[in-house]
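K.L.:
The residues making up each chain are set out below.
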Amino acid sequence: MRVNDDRKDREFLFPDEDEHSRMKKRSSVKEKRRKKPLNYLKGLRAMLAILFFAPVLLYFVDFAGALPENVHGLLHLQLVPAALGGMIGIIVLMFALAFVFGRIYCSVICPAGILQDIINRVFCIKRKKQKGVMRFKYRKPMNMFRYALLTLTVASALFGATTLLLKLDPYSNFGRIASNLFRPLVMWGNNAAFHALEALDNHSLYPVTVKTVTTAGWAAAAIALLTFIAMTIWRGRLFCNSLCPVGAVLSIVSRYSLFRISFDAERCNSCGSCERSCKAEAVDSKRMKVDTSLCVLCFNCTSTCPKASLKYRFAPAFPLAQPELNVAEASHTKGTVNSTTSSRRKFFATGATIAATLPMISSLARKHQEAAATSTVAFDSTKDAVDYNNLGPVTPPGSMDLERFKDKCTACHICITRCPTQVLRPAGLEYGFDYMLRPHCAFVSSYCNYDCTVCSEVCPSHAIGGLSIEEKHTTQVGIATFNLNRCVVYTNETDCGACAEHCPTRAVHMVHYKGILTIPQVEPELCIGCGGCESICPVRPLRAIVVVAHKTHVKVAAPEEEEVEKIENNEFAF
Amino acid sequence: MKRRDFLKTSVVAGAALSMNIEGLSAALNNPETAAAAPDLVAVMGGEPEVMLDRALEALGGIGKFVKKGQKIVIKPNIGWDRAPERAANTNPDLIKALVKRCLNAGASKVTVFDHTCDDWQKCYKTSGIEAAVKEAGGIMLPGNDEKYYKSVTIPGGIKLKEVKIHDALLEADAWINVPILKHHDGAKFSCAMKNLMGIVWDRQTFHRGDLQQSIADLCVWQKKPVLNIIDAYRMMAKNGPQGRSIADVQTPKQLLASTDIVALDAAGLATFNQYAPVKLEVATVGHIGHGEMLKLGSTNLSKLNIQRIKI
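Going line by line, the protein sequences match chains A and B. Take this note's numbering: the last position of the first sequence gets the number 576, and nothing is skipped along the way. Take this note's numbering: the last position of the second sequence gets the number 293, and nothing is skipped along the way.
A couple of the hints might just be wrong.
[Said to hold, decoys possible] Heads up, simulated DSS-like pairs for lysine-lysine below, C-alpha to C-alpha not over 30 Å straight-line:
| hint | chain 1 | residue 1 | chain 2 | residue 2 |
| --- | --- | --- | --- | --- |
| 1 | A | K291 | A | K130 |
| 2 | A | K516 | B | K104 |
| 3 | A | K474 | B | K104 |
[As the list claims (entries may be wrong)] Residues on chain A that point at chain B, a partial pick, calculated with CB under 10 Å:
| hint | residue |
| --- | --- |
| 4 | Y449 |
| 5 | G499 |
| 6 | E563 |
Since the hints were made in silico from the structure, they are not lab data. Idealized CB from N, CA, C, for every residue including glycine.
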């Protein structure tokens, strides 16, 4: 059948050829095909992967804000953030994709998956094909392990402990690697280029300082990258088929996918090259089976197969579909009708379970939100001393509530990389194990810009919920608390007022103190906790004014609109 | 020699010696205006560019301050992420006009920067100054990285002995200080002298070690601005230095210029008091008095030759 097709093709292309030369050419073309079969799907997969990966990577390392803001739209496709953010549409779309096409997500949309492919590619450079590209072999899926881990991860997330999810989510791990390892490299590269250009009196670049990489962030990223490298070199996409919660959850759906790679038993000569080329260790060449719960649709096998036996076909797992092409599959399912029906039942059961549990995460978070809205926090104006050893994390405006934030944030660090004032930094262990790596406002040398809502715009899981500028102006994340006995005006009796200068709402302002000296005073009702005061206070080691974080953010009234008479004057004052 | 002749010559010599050399050379260069060259020019009632031109004309032309081939730095106040209407930053139209005048006078390069308080990129953009400078053909340099700053000593400083100053200024042949008139909660009043805090890196040492004295000390730095121009087209009458709303802004439509930074701040303070709800004494704004003590200039405006121009 195939030979006939070929002949037709060639007749169409070269109608003037005589039969003899045509025969010769055909055989040579067939030789070539055997060596390098045409495989558009692998090329398409690689191209799509680059189209997704490149903007996401650049967005993380773009310290200059050169990329358009709307690139963050791509981040919202990530499954874990979408699940935490309760974005049903995205979740349904990703499951539908997996059900129709298989785990294409893992090869195209997931930046950690593509990072592993890049690691694999780098590993294969200058290595003999057999030792590099063709180093894999089929292994049985670690179903007990991966589904147990998935259950544990989802269950703990449902009960509000997202630490495990934070550590395992592929997207967040990629984000931490990009923002804590790749980004500094790009920034240092920029600085080198800046010095070179400055010597030529070219001022198109400016120097930058890496401020947002903390020890915890750096260490977590390094561990994640080393894990990816080790696992990839050892067993390809091992991470995706063992530790990854997204891989595990998609595998439940993809095992029933409508399109799948399968063997044509008639063509297969059992050379086993497909199996050796499979990064996901999903191809069992002896049994002529591809485990679609493991397969990430890289199409390495279909491009390697010299006999074009492996093809991506419409081949539903249920008997309602025609298994005519799938000889191998058919021979296996023959006489095991029961197992098929039970697998269908399993499919519906798991599907229903997932559909039911995913929105629960967001509904749990919503509960927190409501609690936040109803709780009232009284201002304690008598407390002027700060317990410096016991300050909680100042969570970004829009995060609403500490517990809610911990439930939703997986520490992908995109907010940290996009924050224009670099005030957001990943926490270490100072706020406890369960806050580790999550962003907090560190008013060390900068503060939260009054007219900026970037973090809430980019957050893919809506852990930092959307805020309008007006809402931000009235969201109090903490209260500036003044410690008189540390203040320069009190200790040195000289003017200072740096805190009041930097207060955008005039919550911190100067009042008469002694002689011509003025001293800061805080009006808590006006403070939004932006940290302008704390960041600029010159007193060390402990500052005289610090923002004491709210566990639940508080709505404050907008600064009153003032009517001011415009003074007209036609004479000079001197 | 006759006694009369002797007396005559000694009087002439004495007069020549007492004359300041800069004034003399200016007089020789420009005999028409030199006689009347004022210590301070105040202009009222025009758009920023028009007022700038009138002030420069009264002072003897831009060529008196900017020479051919010189590298010039203009230092506005760009401290805050606020639009020009909020009067937190120097008027971009004024900066644009000044960059053009400097280039027309033959400056080889005109650089503008400030060590901002808010994020520098936001400040440069929102203030409108970045766009204005680029349009006029100047260079906008960042000032928010320590890499740009180099340490210099201030021999005449009382509290401030050493400070890190922006490289652009160290390299420049001359620089022009262009503040905006503002209320200031920390230093009480922000104008020409206070604007110099934007040329240094570590401002916290100022706040730690006597803010008012440190501001005056910084003005003692040997490389003084060749000209100070106060933008009082708009001014911040209260809630300074960043202001809370448009209600903090008054519009005097004035421009003051002088080489005497202390006199200019005194004049600026008088103008400020015409519009501000809370009036300030010169004594309250410590750094002006400290500047006078350091012989940077005079607060006694009645003794100065002031040219007042109404448009």
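K.L.:
Would you mind marking each hint as holding or not holding in the structure?
P.N.:
Evaluation of the provided hints:
Restraint check for K291 of chain A and K130 of chain A: the C-alpha separation of about 27 Å stays at or below 30 Å, so the hint holds. For the hint pairing K516 of chain A with K104 of chain B, the CA-to-CA distance comes to about 37 Å; that exceeds 30 Å, so the pair is violated. Pair hint K474 of chain A plus K104 of chain B holds up; C-alpha atoms about 18 Å apart against a cutoff of 30 Å. A hinted interface residue such as Y449 of chain A counts as satisfied when its beta carbon comes closer than 10 Å to some beta carbon of chain B; here the least separation is about 9 Å, so the hint holds.
A distance limit of 10 Å between C-beta atoms decides the matter here; for G499 of chain A the minimum to chain B is near 3 Å, and the interface restraint holds. This hint holds: E563 of chain A has a C-beta 7 Å from the nearest C-beta of chain B, less than the 10 Å allowed.
The structure fails hint 2 only (numbered hints given earlier).
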